[in-house]
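As they're listed, the protein sequences go chains Y, B and Z.
So in our numbering, spot 304 of the first sequence is number 304, and the numbers just go up one at a time.
Heads up: take any position in the second sequence, counting from 1, add 323, and you land on our numbering.
Heads up: take any position in the third sequence, counting from 1, add 625, and you land on our numbering.
Below, a list of computed lysine to aspartate or glutamate pairs in the EDC-like style, where the Cα atoms sit at most 20 Å apart: (1) K513(B) x D37(Y); (2) K535(B) x D735(Z); (3) K535(B) x E724(Z).
From the structure, some residues in chain Y lie toward chain B, with a derived Cβ separation under 10 Å: (4) R40; (5) L51; (6) F54; (7) T137; (8) I138; (9) F261; (10) W292; (11) S306.
Just so you know, these hints were derived from the structure itself, not from any lab.
Computed from a prediction, not measured in an experiment: that's the story for all the values here.
C-beta atoms are modelled at their ideal positions from N, C-alpha and C, and glycine is treated no differently.
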Amino acid sequence: MKRVLAFLRRRRDESRARTDGGSTESRSTARRWLDNDFVRSAPFWGPPFLLMGFFVYAAIGWNFLLSLTDYTGFGGADYSSLDFENYRRLFEDPAIWEATRNTFVLLVVFTITCLLIGLGLAILLDRQVRFGRGFRTIYLLPFALSFIVTAQFWRWMYNVNDGIVNQFVGIFGIGPYNWLGNPQIVLGAVIFALVWQFSGYTMVIYLAALRSIPTDQYEASRVDGASTLRMYRRVIIPQLRPAMVSASVTLVLFALKAFDFLYAVFGGYRPRQGADILATKMVREAFGQSQWAYGSAIAIALFVLSLAVIAPYLYNQYTRGNL
Amino acid sequence: MSERSVSVGDETSDETTTAFDLRRIGLYATMLGLVVFYLLPIESGLVTSIKTSEALINTQPFAPPGPAGVTLEKWQFAFDTLWSGMINSMLFTIPATLLCAVLGSMAAYGLTLVDWRGQVAVFALFIAGIFIPYQAVIVPLTQFWSQYAMLEMRLGLLLSARSATLLELIITHTAYGIPICTLLFRSQYKTMSWEMIEAARLDGATVWRIYKRIVLPLSIPMFAVVFIFQFTQIWNEFLFSLTIIGSVSDPAASATLILSGLGEALEGVDYPLRMAGAFITALPTLVVYLLFADEFAEGVEV
Amino acid sequence: MAHTKLDTVTKVFTEDDGSEIIAVDEVSIDIDDGEFLVLVGPSGCGKSTTLRMIAGLESITSGTISLDDRVINNIPAKDRDIAMVFQSYALYPHMTVRENMSFGLEESTDMGDDEIRTRVEETAEMMGIERLLERKPGELSGGQQQRVALGRSIVRDPAVFLMDEPLSNLDAKLRSSMRTELQRIQDELGVTTVYVTHDQTEAMTMGDRIAILDGGVLQQVATPLECYHRPENQFVAGFIGDPSMNFFDMRLEGERLAGEGFEYPLSSDITGKLDDSPVVLGIRPEDIELIDGTGGDHEYAAEVLVVEPMGNENNVHLRIGDTRFIATVNGMRRITEGETVTIRLPEKAIHVFDRETGEALHNRRLDEELAEPPV
Chain Y
1 MKRVLAFLRR RRDESRARTD GGSTESRSTA RRWLDNDFVR SAPFWGPPFL LMGFFVYAAI
61 GWNFLLSLTD YTGFGGADYS SLDFENYRRL FEDPAIWEAT RNTFVLLVVF TITCLLIGLG
121 LAILLDRQVR FGRGFRTIYL LPFALSFIVT AQFWRWMYNV NDGIVNQFVG IFGIGPYNWL
181 GNPQIVLGAV IFALVWQFSG YTMVIYLAAL RSIPTDQYEA SRVDGASTLR MYRRVIIPQL
241 RPAMVSASVT LVLFALKAFD FLYAVFGGYR PRQGADILAT KMVREAFGQS QWAYGSAIAI
301 ALFVLSLAVI APYLYNQYTR GNL
Chain B
324 MSERSVSVGD ETSDETTTAF DLRRIGLYAT MLGLVVFYLL PIESGLVTSI KTSEALINTQ
384 PFAPPGPAGV TLEKWQFAFD TLWSGMINSM LFTIPATLLC AVLGSMAAYG LTLVDWRGQV
444 AVFALFIAGI FIPYQAVIVP LTQFWSQYAM LEMRLGLLLS ARSATLLELI ITHTAYGIPI
504 CTLLFRSQYK TMSWEMIEAA RLDGATVWRI YKRIVLPLSI PMFAVVFIFQ FTQIWNEFLF
564 SLTIIGSVSD PAASATLILS GLGEALEGVD YPLRMAGAFI TALPTLVVYL LFADEFAEGV
624 EV
Chain Z
626 MAHTKLDTVT KVFTEDDGSE IIAVDEVSID IDDGEFLVLV GPSGCGKSTT LRMIAGLESI
686 TSGTISLDDR VINNIPAKDR DIAMVFQSYA LYPHMTVREN MSFGLEESTD MGDDEIRTRV
746 EETAEMMGIE RLLERKPGEL SGGQQQRVAL GRSIVRDPAV FLMDEPLSNL DAKLRSSMRT
806 ELQRIQDELG VTTVYVTHDQ TEAMTMGDRI AILDGGVLQQ VATPLECYHR PENQFVAGFI
866 GDPSMNFFDM RLEGERLAGE GFEYPLSSDI TGKLDDSPVV LGIRPEDIEL IDGTGGDHEY
926 AAEVLVVEPM GNENNVHLRI GDTRFIATVN GMRRITEGET VTIRLPEKAI HVFDRETGEA
986 LHNRRLDEEL AEPPV
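Next comes chain Y alone, as it looks inside the complex:
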């Protein structure tokens, strides 16, 4: 930071020397330094940046450091001997591989389903329906609730004995299933509940994008004789790409860190077999088993996965001038 400031100051001095050709009169350097826009804006973004920077970026660095120790149990970490032992352990732990697999299944199925359902909802609501705002409010309602709250509802929905889901599939003569206990289907059940909660979110994103498309284009494609279906496929949906990209990023990142819902629906750190993901595994190792260093290593793995999504997204936003 200091070096940046010094650099800026030097640049300014140089340009001043060039511009004034010595006629700088009596205005003091300090005074003009204070007029600099960088300096004047610093009181505004500086404090939030320091607070956020400490808790986000310094914490990530610290977390990495912790992952190199062999910190377990009570007391503090010993930073004197650092190695990559925990990362080796990470690669050899079969539970990690299972959690990684589940994470990716969750991520892919959840994201794609949310995108499709959200698009469907948005197109329905975009068709000049009455009470459109009422419908939107209802579809988005689950998203406004805490995972801890919705987890209670879904425990009840997935209840083995007389849960609504089992009653529903019973109509078709199948079931009952132990939705949250059967390793074969538990992940699907979790994804279904999460889609219920998040599809309203994707709908809102798509809806905003749909509404920003000028009506001329709808009318133009009508005049060109396109059917509704073709109009959406050829004219409208291609323009929703930016919305889709930003919604996907949010959904993928959520899928990576989803913890609250799994904790609450299974009532503890350990999800039922078949539903363990990296995020739950990380919290369990650290806070359940006090394997702090190992938990930190898993956290770094999660962070790297997130970075693989965030970095291209931010770069893309930057090149489009959206930042």
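Given the structure of chain Y, go ahead and fit chains B and Z onto it with the hints provided.
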């Protein structure tokens, strides 16, 4: 082309009107079906929460109980258990929301309406902060509070253990809420007229005065959006509560933390109690959401 | 009120990729106290950047700007005693007209509330907006907003007024009435004014002097009529005047200029100024005469391509061989497309420019009674 325009004219005939009506009906039927899908888990939870144990066994999970099967006992019990958690949640959610909004607005102003080199790079760091998985910071975070900051011990004379924990939660939630709030405010500030800011500069206003007299009054609608959105986010949050507070029985335990352990007993899960607890916990966010659905949606959109 | 001086002012923008763009290139202008100077040029010519450097909204890469012999390069915008009217008016939408007008006085002076109120009300009266004082900008029409924006800068009684295309958001009718109004106000207040526009009509009608910029380079600073009749180069000649001056690529051959399709005999006082390098012959459409008969030295047969009737006059698009040009003739005269007419290009009205440098080698002769003697 002329043929086509003729056929378009024909479509106003009665036949197509009926087809059109049928399509409309199909549309509304689909939308109502979806309403059932989205509301059923919530409705079922609501009717279950007022059922007596008998009614729970004898009625369908989504059907309301008969007059004899209604009891508010579970609500009463859940309320008693959650009450302190609700207070705690309020005590850290409201200050953290306010702080996030103010700091986010200031950061967005400094990064948008004052022109200097390199602001995009700093802003990118803010944005990346939105997406960071909390898992990646949670261990150092709890370490920091419990072994380095130790507010309880240092401020022991001023603060009770409970207040110290709440203060930790306020600071934590503020720090992690700043990025999204900055993004929300910046999205508005970018649309503000640059000429207007320059006019104020020429009118003699300093950077501070421009913020206070021009930018702040014009961001009141966005403050509403940020309050609504951030309030629900912080209220609903769980991982920080779980790791920083630690225990359901802690005097500083938040509503979501208490709810996560509610109705868990050896003889099985008390569903009506859990449902009642869920509704009580969700109540503040539900009220805020239903009153300000538009602002909430706007917060989501950005 | 102040004498404003730009001395070899240069602005270089550095792009993100490190390349540099010279937006304003060593511009020097002396603006007299109380003068109305119009900065005019095509978009991207650097006129707005120049204005913003005077305002202090843009830093100056090199050169100096001074107000009454005080260099203001490093004085922040707010301390320069300058008011600016923006193209978008830049009114504060959440404040009433009164608050908008008081804002600058509150921020930059230590006047009391009563004094501010009196000043705002006096100014509002002068601008004819006293009944709008309690309204917000959103409730005003474009013309009213424009008056408020003007009033807001007038109320501060600045040393210099800067205006950045202030009339371009108004419809044509309103624009011409605001033009007169602005001149009246500027006359009354006698404040030095720098006015930026891309519209040459505005420049001609409003400015005491106009400064024409192209590609960041100052082309000419002179009174409107001087720019019109004695352009220093081909750019100025083409930019000022509507329809613009006709240009013909020619070369001196003995006593005449030879070009594609026609030749133009010259008298010796003009040929004396030329050598055998390529030149451009220029003549304004309104100087081309339609005549009967043919045979004179500067008379030619031309084919009529298009006639644009303007009412009082016609713009006639003509062709000699492959050379196309425009003549403006009396609107009462009947001309049909496709007919062949005889035109005269009077020698006293022609301009000759160097084709390489664009520099004016010869400008038209002026009759003695014409407006003012060339400076």
